[in-house]
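Engineer: Protein chains in written order, with the numbering used here: chain A, 7 to 560; chain B, 360 to 744; chain C, 623 to 910.
Keep in mind the hints are simulated off the structure, nothing from the lab.
Be aware that a few hints might be false.
[What the hints assert, rightly or not] Here are the simulated lysine to aspartate or glutamate pairs, DMTMM-like style, with alpha carbons at most 20 Å apart: (1) Lys556/A to Asp836/C; (2) Lys631/C to Asp524/A; (3) Lys338/A to Glu297/A; (4) Lys498/A to Glu626/C; (5) Lys631/C to Glu297/A; (6) Lys631/C to Asp561/B; (7) Lys658/C to Glu566/B; (8) Lys523/A to Glu629/C; (9) Lys674/B to Asp640/B; (10) Lys810/C to Glu629/C; (11) Lys707/C to Glu553/B; (12) Lys597/B to Asp586/B; (13) Lys658/C to Asp640/B; (14) Lys523/A to Asp900/C.
[Unchecked claim] Computed, partial: chain A to chain B, Cβ under 10 Å: (15) Ile17; (16) Trp18; (17) Thr19; (18) Thr20.
[Stated by the list, open to error] Quick list of simulated restraints, FRET-style, between CB atoms: (19) Glu400/B to Lys882/C: 52 to 60 Å; (20) Glu893/C to Glu400/B: 35 to 43 Å; (21) Thr448/A to Lys882/C: 39 to 47 Å; (22) Glu69/A to Ile815/C: 44 to 52 Å; (23) Val440/A to Ile815/C: 45 to 53 Å; (24) Leu529/A to Asn738/C: 46 to 54 Å; (25) Ile349/A to Asp900/C: 54 to 62 Å; (26) Lys882/C to Lys449/A: 27 to 35 Å; (27) Lys882/C to Asp100/A: 44 to 52 Å; (28) Asn628/C to Gln464/A: 23 to 31 Å; (29) Gly611/B to Ile815/C: 48 to 56 Å; (30) Lys882/C to Glu508/A: 58 to 66 Å.
These figures come from a predicted structure and were not determined experimentally.
Each residue gets a CB set at the ideal place from its N, CA and C atoms; glycine is no exception.
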Amino acid sequence: MSGTVKRVPSIWTTGSTDILNTGTWRSAIAVHEKRPAPCYGVCPVDGDIPVWVQQVRNEKFKEAWQTLVENNPIPAAIGRTCHRPCEGACNRTDFDGAVSINALEQYIGDMAIQEGWAFPAPSVELDQKVAVIGGGPAGLSCAYQLRRKGIQVTLFDANPELGGVLRYGVPEYRLPKKMVAAETQRIVDLGVEVVTGRKLTGADVEELERDYSAIFIAFGAHEPKRLSQFSKNDKRALDGIAFLRSVRLDAPAELGRKVVVIGGGSVAMDVAGSALRLGRQTEILALEGREVMPAPEDEIEDVIEEGALLIDGAMVKTVEDVSGRLLLHCIKVELDQNVLPGIIRPIEIAGTEFILEADTVILAVGQDPELTDWKDRVQVAKGMVKIDEDYRTSHAGIFAAGDVASTERFVSTAIGDGKRAANCIARHLGQLVVVEDAAVETKEVTFEDINTFYFPNQEPGERDKVDADVRIAGFAEIRLGLSDEQALNQAKRCFSCGSCVECDNCSIFCPDMAIIKDADAPLYYKVLEQYCKGCGCCLEECPRGAMGVKEEKK
Amino acid sequence: MKADSNRLLLSGNHAVSHAVKLVKPNVMPVYPITPQTPILELITEFHAAGEMTGEIMTMESEHSAMAAAITASLTGVRVFTATASQGLLLMHEMLHYAAGARAPIVMFNVNRTLGSPWGFWPDQTDSLAQRDTGWIQYYCENGQESHDTTLQAFRVAEQILLPTMVIHEAFYVSHSMEAVEIATQDQVDAYLPEFNPPHRLDPQIGESWGNTVSQIMFQNHRRDMGDAMERVLDVAKKADQELEELVGRGYGIHEQYRCEGAEFIIVTMGSMTGTARDAVDELRSEGLPVGLLKIKLFRPFPVADVREILSGIPKLMVLDRNYAPGTGGILYQELKAALYGLEGAPEIHGYLAGVGGTNISPANIKEMVHSAMGEKPVAHSVWKG
Amino acid sequence: MGYEINEEKVFNSGHAACPGCSEALALRFILNTLGKDAIAVVPPSCIAIISGPQPLSSMSIPVYQTTLEASAASAAGIKRALISKGNNHTNVVAIAGDGGTYDIGFQALSAAAERNEDIIYICLDNEGYMNTGTQKSSATPSMAFTTSTPAGKLSPKKNVPEIMVAHNIPYMATATTGYPDDLARKVKRAMEIKGGLRFINILTPCLAGWGIPDSAGPKTSRLAVQSGMYPLYEVENGESYTLNYGPNGLSVADYVTTQKRYRHLLAEDIELIQAEVDHSWERLQKKF
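Go ahead and model the full structure; you've got the sequences and the hints to work with.
Structural biologist: Laid out in structure tokens, this is it:
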């Protein structure tokens, strides 16, 4: 062979493009971020719903419960009684129906009771003591949150048992007593001193102040509103909450054959449902049209199924007593739209007069706190204890929340207020309380942020309901909890708006391989700035709006 | 024929096929075209009979044949293909590509007229039109030379890393039967080393070929190709000498026939050379100082050699069996360019003789010599024959 | 939840594809599924640009850049060379655009299919000559704007997938970037079926050429499937058809109205395309 040296051709390729910096091309970079879901945004207890629903989906049930009880110690009860703003706000609503969050909450709450899960003991025990007056939702919530911080709590309640409206208002068929008992006991077991059967008044404040560093008043609203058409002494015109209490105490007030319930809220529906179960012909007269009645639609639907006649958009003008029966002279009304929110001004519709006959009328038109004994201790405004944004009353060291201080008469609102009030009380006591609020920095996830391709249509699965004819035969619970399969299916329906579930889409759809999984990253992934060209595919393909964009100036 | 003899009566094309068999290419993409077809037919027969291994690829076009040849070659194996005329033109793009890829493919081309109109005749325009593609080109005058040159072509191509085209003309060579001495397998095995290039398409190596380059990279690459072409002259001479040592037959990269004391030299390429040899013999016997220069290696053109050989010769006559409309005979142009500025450069008569396969006899050539001797040459090719 | 795709890192970052490029995304799943025992052939196209500027490559396997019409022949040449050296394991894959496949490269492809060359041929189909600035190819669908069909293309897209099926090759599949797991699975399937030409047509929406936002490649690819413009299916041995993803109730209007290349369409034009799509889908459905 010739000795000529072979020359290597000049253009064989040996290097890799990964030394190039294509990151210089972009003007914005995608970032992983936790964004608030709409359910979170409206949740009265600030519950991190996407997180615990995801834990259910991953079958980490106890973790789900732990997430739930961060903000709400009684999920079995709230899972049955919440007015569910979360489901109204759910991004899935306009897609194929909201996720049945409330049913899932019940599922986890019930599981916790069945499994006997207990709250962990506080990590510290402090000397400070707080008196909580009222063992209803707000008081229970506040007592629980204070105890978790190690603060000593005495919980006072006028009733023989804790639970407040949950125990003495909401009917058994919606919330079994045993659930309330189990969940309140779990709070008590956290080391809460309980004093029942004692009604504290303003006169007790000095004594309490001697023993306690702060007082929290949350004894609710028990003074029923009346309508002027009905005499206060007429035994045929009962008060709704008194009636419900009598039913809860297994000594129902006497009712005539035909009952007319006046009111359009949850209490009215509970009254009607209870009357039906006591075998009474029941009619409901509501001032508002059905669409705007304060009671949730499913509660209205329940009583109608059970045989109640709903007459909405109408009011009683006068009452006539005819041979022992009450003749209610009614008229249809429209609500004046030109009034401030919170004010209701009916406008009669001429020529729509009609008459209802009743043996018993039950008034369920709201109730006010009884503050006669407290007026000289704390400032009262509009019939309620006046509080500032930190739940402080006018009296230093006395805080208040729940129905006693709010017109938002929802049990879950009371839970949330109780929690927030506890934080304020703790701060007042010199504790450091850090509240994380995901909503501060980032925009709430809207339906447009959801990539629906990743979510096949799946009809919502609500709790099965017992047939109406069966359920009016007694006070057994009318909604059956979700089965395991139903619960998982519901959990899988959750978009997990704004909460990364590590699906890897951001990484998979990056044409530049610029997003990698990183165990050290706060949100599981790292964007490689050297390569990211800023196309936004990751953002678009994130199924759940858990990414955002950061503009970059070059 | 003796049983132990390697002498066979073969057409020029089959002489090529025998050479290819000895060379044992790994991949042979082929496509039929007259008058090349017998080359591929005998190869596929050898293959079917188990006398050859390797991959025969029956392509759907010459273009694809060359495309497959290039990649097979870059994968680091020996590759052969053959074509003619229109087929070569269809490959044109890939000829450049092969050279750029430094793929040492050996291809045999049988010269045939280009359409339109259709014809099947010997004419070198097809391959001469590929003179700028970066291929080494050898022109052969008979089957024996084609056989031996094919062996040399693999040696040169693989050493230089440039594709190489070996060429003979339609019918006059491709289909004419003559006795051809076939090299033995031992001779060829001793002559041709294994082809095992260090750079190749191989996942174990991971190198790629053909990425987009910058202007300066491209220029450097072309310059490298030029350097390689320059080295061909020595490498080809050596390859010829070493084959001659083994088989006893050598050709040089050009041949001077009876040029001693010549004052008039005929320059030819391909089959015309044999005819011109007869004419020279007759003219010498007439006492005329006429010699013959055969150009065998046309690319790279042996400029230095030609200038040395032709320095001081008063007159040349170039015979072109090809025609480039607008410039005339291509060998004539190349020769003029090669001799430009040479002190004592000869006058050159460019004759277009045998274009389209018209028959040129020794008598025709003698007649041309006689007339050229008495004339001043014009500055362009002149039609003869 | 999420896609399960096993990737071996072959496709490198730092490549020159446009931000959000679907071809780059397709290449990622092709190459990272093929793994390192492979050689690629790439003709002129955006793929060639993405391959990298000398002396750098975005692909950690040998890549040979061939001429526009020669991909299948070039790939076959490599495969035969490997076979001649006794290497039967290295996958040889040609990755070409639709111009290089449906048009100028079709002769070589058809021939390689006829010879049943043991190669994988992948067409990254962005429905036009996008690298040269959006000209019509025979893969351009009806009425789409290109710079060479400024009033919209007057003939339908050539049905190369079915033409390839008609070659009775061992494997033909359609895939697209919006279904990356399906795409990767098809590459894997193609690798498993040795001993013949395996063809995958991958729809890769061109952001600039189709007039869609940088982030819309995968989404647009899914719309193509969901609207019935581009069903995802696979065929083995020219006869065994499997549907992977077909139309799911979306209309052609849902697809075309997101792309600027269709913005000249009138309602009746969209109806015509819808009729064409319905007809094709009806014919295809009979084969499953």
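Engineer: Now tell me, hint by hint, if it's right for this structure.
Structural biologist: The hints, checked one at a time:
Restraint check for lysine 556/A and aspartate 836/C: satisfied, since their Cα atoms lie roughly 16 Å apart, inside the 20 Å limit. Note on lysine 631/C and aspartate 524/A: the hinted pairing holds, with a Cα-Cα distance of about 17 Å set against a maximum of 20 Å. Annotation: proposed proximity of lysine 338/A to glutamate 297/A holds, straight-line Cα distance about 15 Å (limit 20 Å). Of the pairs offered as hints, the one joining lysine 498/A and glutamate 626/C holds, with about 18 Å between alpha carbons and a cut-off of 20 Å not exceeded.
A C-alpha spacing of about 58 Å is found between lysine 631/C and glutamate 297/A, which places the hinted pair above 20 Å, so the restraint is violated. Annotation: proposed proximity of lysine 631/C to aspartate 561/B holds, straight-line Cα distance about 18 Å (limit 20 Å). Under the criterion of a C-alpha separation no larger than 20 Å, the hint pairing lysine 658/C with glutamate 566/B is consistent with the structure, at around 12 Å. Our distance criterion of 20 Å between C-alpha atoms is met by lysine 523/A and glutamate 629/C, whose separation comes to about 14 Å.
Between lysine 674/B and aspartate 640/B the CA atoms are separated by roughly 18 Å; this keeps the pair inside 20 Å, and the hint holds. The hinted pair formed by lysine 810/C and glutamate 629/C meets the criterion: a straight-line CA distance of about 11 Å does not exceed 20 Å. For the hint pairing lysine 707/C with glutamate 553/B, the CA-to-CA distance comes to about 13 Å; that is within 20 Å, so the pair holds. Proximity of lysine 597/B to aspartate 586/B is assessed by CA-CA distance (about 17 Å); at most 20 Å being required, the pair is judged to hold.
Our distance criterion of 20 Å between C-alpha atoms is broken by lysine 658/C and aspartate 640/B, whose separation comes to about 66 Å. Of the supplied pair hints, the one linking lysine 523/A and aspartate 900/C is violated, its CA atoms being roughly 42 Å apart against a limit of 20 Å. With 10 Å as the threshold, the beta carbon of isoleucine 17/A comes within range of chain B, its nearest partner Cβ sitting at about 5 Å, so the hint holds. Hint status for tryptophan 18/A relative to chain B: holds, with the closest Cβ pair at about 5 Å, below 10 Å.
Taking 10 Å as the C-beta contact cut-off toward chain B, the hint placing threonine 19/A at the interface holds, the least distance being around 4 Å. With a least beta-carbon distance of about 6 Å to chain B, the hint placing threonine 20/A at the interface is held under the 10 Å criterion. Against the hinted window of 52 to 60 Å, the Cβ-Cβ separation of glutamate 400/B and lysine 882/C comes to about 56 Å, which satisfies the hint. About 58 Å separates the C-beta atoms of glutamate 893/C and glutamate 400/B, a value inconsistent with the hinted range of 35 to 43 Å.
As the Cβ distance of threonine 448/A to lysine 882/C is approximately 32 Å, the hint placing it in 39 to 47 Å is violated. Roughly 45 Å separates the CB atoms of glutamate 69/A and isoleucine 815/C, a value that falls within the hinted 44 to 52 Å. Distance hint check for valine 440/A and isoleucine 815/C: the Cβ-Cβ separation is about 60 Å, which falls outside the suggested range of 45 to 53 Å. Between leucine 529/A and asparagine 738/C the beta carbons are some 50 Å apart, a value that agrees with the proposed interval 46 to 54 Å.
For isoleucine 349/A paired with aspartate 900/C, a C-beta distance near 58 Å keeps the hint of 54 to 62 Å intact. Taken as a hint, the range 27 to 35 Å holds for the pair lysine 882/C and lysine 449/A, whose Cβ atoms sit roughly 28 Å apart. Taken as a hint, the range 44 to 52 Å is violated for the pair lysine 882/C and aspartate 100/A, whose Cβ atoms sit roughly 28 Å apart. In this structure the supplied range 23 to 31 Å holds for asparagine 628/C paired with glutamine 464/A, their Cβ-Cβ distance being about 29 Å.
Checked against the hint of 48 to 56 Å, the pair glycine 611/B and isoleucine 815/C passes, with Cβ atoms roughly 54 Å apart. In this structure the hint that lysine 882/C and glutamate 508/A lie 58 to 66 Å apart at CB is violated, the actual value being about 35 Å.
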